[in-house]
Each structure stands twice: as structure tokens, then as C-alpha cells.
Amino acid sequence: MDQFLLIAFLFLIAGVVAVPIASKFKLGSVLGYLIAGMVLAPALAALNVDVVSLQHFAEFGVVMMLFLVGLELEPKLLWQMRSRLIGLGGLQVVLSSGLAMAAGMAFGLAWQTALAVGLILSLSSTAIVLQTLNERGLMKTDGGQSSFAVLLTQDIAVIPMLAFLPLLALPEFASLAGDAGAHGAEAAHGAPVHADGGHGDGDHGGALSLTAGLPPWGQALVTLGAIASVIVGGSFLTRPIFRFISMANLRELFTAAALMLVIGIALLMTLVGLSPALGTFLAGVVLANSEYRHELESDIDPFKGLLLGLFFMTVGALIDFDLLGAQLLPIIGMTLGLLALKAGVLYALAYIFGLKGADRPLLAVSLAQAGEFGFVLLSFAVLNNVLPQGLADMLLLVVALSMLMTPLMFILYDRVIAPRYIEEQSKEADEIDVEAPVIIAGHGRFGGIVNRVLRASGFETVVLDHSAAQLEMLRTFGVRAFYGDATRPDLLHAAGIERARMLVIAIDDRADTTELVRYMVEAHPRVHVIARARDRQHVYELYSAGCRDIIRDTFDSGVRTGRSALEALGMHPYEAELRCRDFVARDRHALAQLAEVYDADVPIHKNQAYVDRAKALNAESEAEMRGELRGYNSRTARGWAPPSSADVETEKAADAADRDAERAAGA
Amino acid sequence: MARVLVYYAHPGDRFSHVNAALFQAARDVDGIATLDLYRAYPRFNIDIDAEQQRLRDHDVIVFQHPLFWYSTPALIKEWIDLVLEHGFAYGTGGEALHGKSLLQVLSAAGPEDAYSPEGYQHFELRRFLTPMEQTARLCGMRYLAPYPLYGALQARDDGRLNPHLAGYRTVLEALRDDRLDLDAATHAEILSADALPLTPRL
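Protein chains in written order, with this note's numbering: chain A, 351 to 1017; chain B, -5 to 196.
Chain A on its own, in the form it takes in the complex:
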């Protein structure tokens, strides 16, 4: 237990220290984690930590990440990507493998070995690429989307590769298998859950399998059934389940349910020999239209972040500096060669597939590295006598180094490559506005009206509410509504508060409203906040919390009711309108006057300045009332009053004097 706490503490402190420093220098969190891992390596070795097993465990972060990516991707969008998935992704794998194989043969490897190396190195790192693209806001660009398509294809390609690799075995490596196999077995089987990081190394011989012992058609049937159950279950079962859970009104139950969902699907996929990452991705896509999407996102996101961080640190920790020192030049050369080869292939494909401007180098830079698939496949290959242990160890370093290089290449892209395309990018800036919705927190009798007004004028809105029944009704009307407590920063984040132009706080609870305003002013000062106030006192609270657009929720309807009453009492409707306008203006004046002296920390009756000003304002309005409403009337009557008879006489006299003067001057 002590050991566990110590290791956890070491990883946490390394991440907490390294990542902010890396971010400060704009290096990105991935590089921060990698460096933290390298620094940790000696300590981990001293504590006898099985870093490889830890890495397999941490790879579950990739599964979660693909689930989150799926949540962002509606089925329609996935369908639109199909040509890129097959064409761009497929060609990338084939061409990169082929060229790497040729290079390997040029260095004297047998064609089987060279092909295995090519296949292993053709895959890129989903974890690093998606994390970095998201962090830099490049995910929505054409280059980012293409990168994602290629990664998805690679994810699928792993499955046939696992089937194909054993066929490339060479008998001369079998003699080495005695000791090498032990190492490989440890790598492949040592993981606590053999979901195995998700990339599904398809350990068909593992303890649990639903397809073992079935004929091929039976295996296919079970596999298809598993996929179908993910789609059907995701579409029809999640909603009642989540509604059931929401009745308990406990935050952590949602988190548990979300984890249950992701882990369950990963497990199912592993049992039928499919990639868990692909399975959860599919589940994410199915749930992309669900009102629980943002809730799921905000629940899973922290786990994903922590696990990926751990994964990156293990990659850093696994860099074998002794071997690197011994074979420095060949390994550096292979790494750079690999990056150049893959980047070249990607750039050419980007050109062929019509990517424009900065998106071409972006694609090339993003996917040039080898990925975490590589770790899995390398140990698998050694186990199956496809690669000799020595070569695999070197390649392991090449993969790790190429991953380490990726953040650096992104920095190169940011500082050197992208600026050249800035003019072309600025033309596309309009699209960002579509991604800048108005978020409405609370969709009851108040927020619902706000939503209708905005949508009637064509604005994109995202509605957050914690009434499941209300949401389902809304969604049947096509409103983008999501379940969750809008006062939680992570849910706001999932709903896109960073991109939002505005947050309308229309929730019932006054303390929550104030708290949310305070958070927004602190964390997102750029976002315009309109807050619903319960009463005058609440207005002062919100004002002192920093909100400058405050609407009292019943004030306007009260004034309208007063106006209707005046009209029904026989007042001319236009006069009633003017009187109400005047009332509103006076009330707002008093409100602003008192807001200035309001102090949230001092109760009103103890706030002398407030009491004094309130008394003065009262005296003012009472004086006007006593004066037979004359002041009130004159204010109301302003703007239309005709001149008095005396004015007319004065004007006539002045004009006559002018004419006399003119005549005198002319004479």
C-alpha cells in the first residue's frame, strides 16, 4: 500500500510540476509528461516498478479518448469521412509500410522482417496526436480532421496486422525465443486487465474470449452481434438507464455509470477480439446526439486526462538511455529517417486528397511519428518469432523517440510553417462563429423563453438543464439540450464555454446563480454573462459578483401587469406606456444608486451608506407624489407639449423686432 501511494505520488508530482512548465513555454502538455517520465525513470527503476504493465493500464486512456472523440462526431459526419478513412488512411498505411520495408531491405533485413517493421512503424500515435491537436485547437481544421481519419483507419488496420504478423515468422529467430519470448510474454500478458490499452493486441489465446472454439462463421456472427449490441444498446438503452440514475440525484453515480459504460464496451470488444478503442469510439458516435453527451464528456474527461498523462510518462520512462548511448547514431538516424519518410508520404497524400494551405504540412507533421500500437506490436512480433529481440529493442527506442519528437515538430509547425499560411487561414475565420453558441443554463419557464427568442432569430443555442423529463421533451422539438448541472465548470467546458459567445444563467437557485457568475467572471471574463435575478437584493449580489447584465425575472411582467391595469382603468394606452417607461427608468435609477453602496459582506440594515441613500431616494419620490404628481406628469409629458400662448406671443414679438431691425438696416 505504501509502495502504491509512493508511486502514485511520484507520478502525480512529476506531472503537476512538468506540465505547467511545458505549457508556460508553449511546448504542450505531451512533451511535459514525456520529460516528467524521463526524469522519473531512475526512481521507478529503483522502486522496481513494472513500467510496461503500467503503460498497458494507462493505455486505457486512449480508449476513453476515442470514446470522447466519438461523442463529438455525429454519425452523419463519420459517413462524410468515408473516402478519407479508406483512401487517405489506407494509402498511408500501405505506402508507409512499403517504403519502410524497402528501407529495411536496403539495410539487409529479410523481406519478412522488413515488412513487419514497416507495418509496425506505419502506425501513428492516437494519444499524442489527438491530445496535441485538441490542445492547439487544430482538431476542427481540415488537416486535423484528416489526421483523425487516418488514425481511425490505423486503429482498424491493427486487427488484420495482428492476424498477419505471425505468418512473417522466421525460423532463425525461434532459437532466440526462449529468452526473448519470456520478455514478450511479460509485455503482452502482464497487463492487469487484458483490455490492454485498448489497442487490442488481440490476444486471442487470453483467458477470456467469447469466440474461442467457434468456427469462423460463428466468430464473425458473435463479433457482428457485439457491434450491433453496442449500437442498439447505445441508441435505446442508455436513455432509460441514465434517466433512472438521474432520479437518485447523485453526481458520482453518473460518473460511475459513465465509467461502467466505457469499461463494459471495452470488455465486450476484447472478448470478441476487437479493438476496445474502436468499440468505445462507436458507442461515442451513437451517443453523440444524446442529451447526456456533455454529462458523459465531463465525467470521462478527467479520467482520460489522468490516464493519458500516465501513459505519456511511461513512454518517457521507458526510453532506455543505455541502449541509446550505445547505438546513438543508428537510432537517431532511424528515427529521423522514419519521420522524414512518413511525413513525405503524408504530404504527398495531402496533396492528392486536395488538402490546402497549412493543412498539408499539418497532416504531415501530425502523423509522422510511430505510435503506441508499435509497443504492442513489437512485443507481439518478438513473441511470434517475427523480430529478433535486439532489433525490437532498438525499434522500441525509435518509436519512443519519434513520439518525443512530435511535440517538437508541432512547435516547428506553429512557429515556422503555419505563419506562412496565415493569410489563407484568416479568410476562414467566419466558420468559428458557427462554433460559438449561446449557452443557456436552465430551461424552465424563464430560460425556455430566452431560448425561443434566440432560436427564432437564428442563433445556435446549447441548453443545459437537470430535469431529464424536460430535456426529452425539448429534444423532440429539435432543441440542442443536454443533461447536467450547469453550475459545474466541467459541464460548461463540455458544452463549449471556451468557444461560447454568451452564457444566459436562467436557473432557479439564487445562490447558485451568484456562484456561477463569480466563476465566469474569474475563469471566462471574455464570455458575456446575462444573469437572472430573483429580486433587488439578488441584483446587488450579482452586481458585486461582477455581472453587468442582470435581469430581474418578474420585474418586466410586473410592470406589464401594471400597465394593463392602468389601461383597464381607462387610461389612454400610450399614456400608460409612458408612465410605465418612466416607472422603469426611475426604478432602475434607484437600483443603480443603491447597487453602488451595496456591500455583500455587510447586512443591509448595518450598511449606513445604503440606508442613507435609500432614505434619500424615498424622500425624492415621495416629494414628487406629494406635489400632485406634477413632476411625474411633466416628465411623462415631455417631448410633445405644445408651446404656451405666452411662447407664441414672445416669438411674434421677437420676429417683429428682427424685421424692424432689418428694415432699419436696409433704409
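Read the hints as simulated data drawn from the structure, not as lab findings.
Here a beta-carbon is modelled for each residue, glycine too, at the ideal position from N, C-alpha and C.
Treat the hints loosely; a few may be bogus.
[Stated by the list, open to error] Each pair of labels, with its calculated beta carbon distance range:
(1) A:Arg898 with B:Trp63: 32 to 40 Å
(2) B:Asp188 with A:Glu1001: 52 to 60 Å
(3) A:Tyr701 with B:Gly85: 50 to 58 Å
(4) B:Gln47 with A:Lys490: 49 to 57 Å
(5) A:Gly437 with B:Arg37: 54 to 62 Å
(6) A:Ala1014 with B:Trp63: 25 to 33 Å
(7) B:Ala68 with A:Glu1001: 22 to 30 Å
(8) B:Arg37 with A:Lys490: 42 to 50 Å
(9) A:Met921 with B:Asp188: 35 to 43 Å
(10) B:Trp63 with A:Phe933: 24 to 32 Å
(11) A:Val909 with B:Gly85: 37 to 45 Å
[Claimed, not checked] So the derived list for chain A, only partly shown, Cβ under 10 Å to chain B, looks like this:
(12) Arg913
(13) Glu917
(14) Met921
(15) Tyr924
(16) Ala926
(17) Ser994
(18) Ser995
(19) Lys1002
(20) Ala1004
(21) Ala1006
(22) Arg1009
(23) Asp1010
Assemble the complex: chain A is given as a structure, and chain B must be docked to it using the hints.
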């Protein structure tokens, strides 16, 4: 029988010296329609379709209002801006108002002699009303000479209000009964209660 519609516009109905009385006189005339614009649209939320239909349903349109800054109260301007749409009142296909007549009945604080090159208002009343006259012309309407009450603030004390009210009633009834000589009314400088161009009763 002509269908007559009186639009009344006064943002301070309660404080009116003569216009409220004038509008009451109009409402007492049988067989014509009246509308208090500020009552119908206190928030300037003019119902364009309803107003256009109202115009289609009448032959003579009367605007009764005080002269504010040599023009109409703001709501009449808003009404004109919104209701007299292209394709309805003017322009291609805008023939809904062709052949109708438009009359302004207004009150002015200044005395009659102020509205002359020698008076302190420096221009004749008709000069101030030319925008409305041209508006009517562009819409294919006949613009009748206005029926003004000068020195409106003292009119009641001077005993001029009652004859003016009677004249207003006569004008509206004559328009209703096709007894106002429209050609004469078009060419007159102004209409006044003691010299209305009426055709003899048949």
C-alpha cells in the same frame, strides 16, 4: 357614398386643447371609420397587414393631428414608413391607393398670419406640408387642401373652436356623401369652415 377613415394621432391625448374635441366630433359622424393611432399602437408596434387592409377598405384617408415641428407626430411618420410599402402603395404593382383622397386636419399653435413670408413662421402652411402632399401623389392619391385650426391654444377662449368643429363635421359628412367638390378642394390653398367647396344637395 365614399368610405371615410379618420386616423387620429396625438401622443398626449389627455392634455389636448382642441384635438380630443375634434376627434370626438369625428367619432360622432355616422358612417365613417376612426382610429386613434396612439391607442392602437402605444408601443409603435404597427400591424402592417391590418393597416393596408384598412386602406384598401376606404376611399378617403384623413390624418387628424397637431402640427409638431412643422410635421406630424412621430407615430404617423412611423405608420407611413411601414404601411406604405413598395408594391402596395407605390412602385411596381403598388396601385392599392390609386384614386383615393388624402386630407390633413391639423391644429397649429401659431396664428394664421404667422404662416406667411411676413409672419414669424416665414412660410405658408402648405409649404410645410409638401412632403405629405408628394407622398399622396406618389401613391396615386388626390391630396386635398388641409383643414387647419390656427392659434389652437386660444381657439376655445376666442370662440373659434365650435365653428371649427362644425366645419369638421361638415367636411367629413360631405366627403362621406360625395358632396365635397374635390377639384375645388384640391386647388384651394386651405379649407376653412366658412368657405367649404360643397356641391349643391341634389
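Hints, one by one, checked against the model:
{"no.": "1", "hint": "A:Arg898 with B:Trp63: 32 to 40 Å", "verdict": "37 Å, holds"}
{"no.": "2", "hint": "B:Asp188 with A:Glu1001: 52 to 60 Å", "verdict": "27 Å, violated"}
{"no.": "3", "hint": "A:Tyr701 with B:Gly85: 50 to 58 Å", "verdict": "54 Å, holds"}
{"no.": "4", "hint": "B:Gln47 with A:Lys490: 49 to 57 Å", "verdict": "51 Å, holds"}
{"no.": "5", "hint": "A:Gly437 with B:Arg37: 54 to 62 Å", "verdict": "60 Å, holds"}
{"no.": "6", "hint": "A:Ala1014 with B:Trp63: 25 to 33 Å", "verdict": "31 Å, holds"}
{"no.": "7", "hint": "B:Ala68 with A:Glu1001: 22 to 30 Å", "verdict": "23 Å, holds"}
{"no.": "8", "hint": "B:Arg37 with A:Lys490: 42 to 50 Å", "verdict": "43 Å, holds"}
{"no.": "9", "hint": "A:Met921 with B:Asp188: 35 to 43 Å", "verdict": "38 Å, holds"}
{"no.": "10", "hint": "B:Trp63 with A:Phe933: 24 to 32 Å", "verdict": "28 Å, holds"}
{"no.": "11", "hint": "A:Val909 with B:Gly85: 37 to 45 Å", "verdict": "41 Å, holds"}
{"no.": "12", "hint": "Arg913", "verdict": "9 Å, holds"}
{"no.": "13", "hint": "Glu917", "verdict": "8 Å, holds"}
{"no.": "14", "hint": "Met921", "verdict": "8 Å, holds"}
{"no.": "15", "hint": "Tyr924", "verdict": "4 Å, holds"}
{"no.": "16", "hint": "Ala926", "verdict": "7 Å, holds"}
{"no.": "17", "hint": "Ser994", "verdict": "7 Å, holds"}
{"no.": "18", "hint": "Ser995", "verdict": "5 Å, holds"}
{"no.": "19", "hint": "Lys1002", "verdict": "6 Å, holds"}
{"no.": "20", "hint": "Ala1004", "verdict": "8 Å, holds"}
{"no.": "21", "hint": "Ala1006", "verdict": "8 Å, holds"}
{"no.": "22", "hint": "Arg1009", "verdict": "8 Å, holds"}
{"no.": "23", "hint": "Asp1010", "verdict": "13 Å, violated"}
Against the hints set out earlier in the document, violations occur for numbers 2 and 23.
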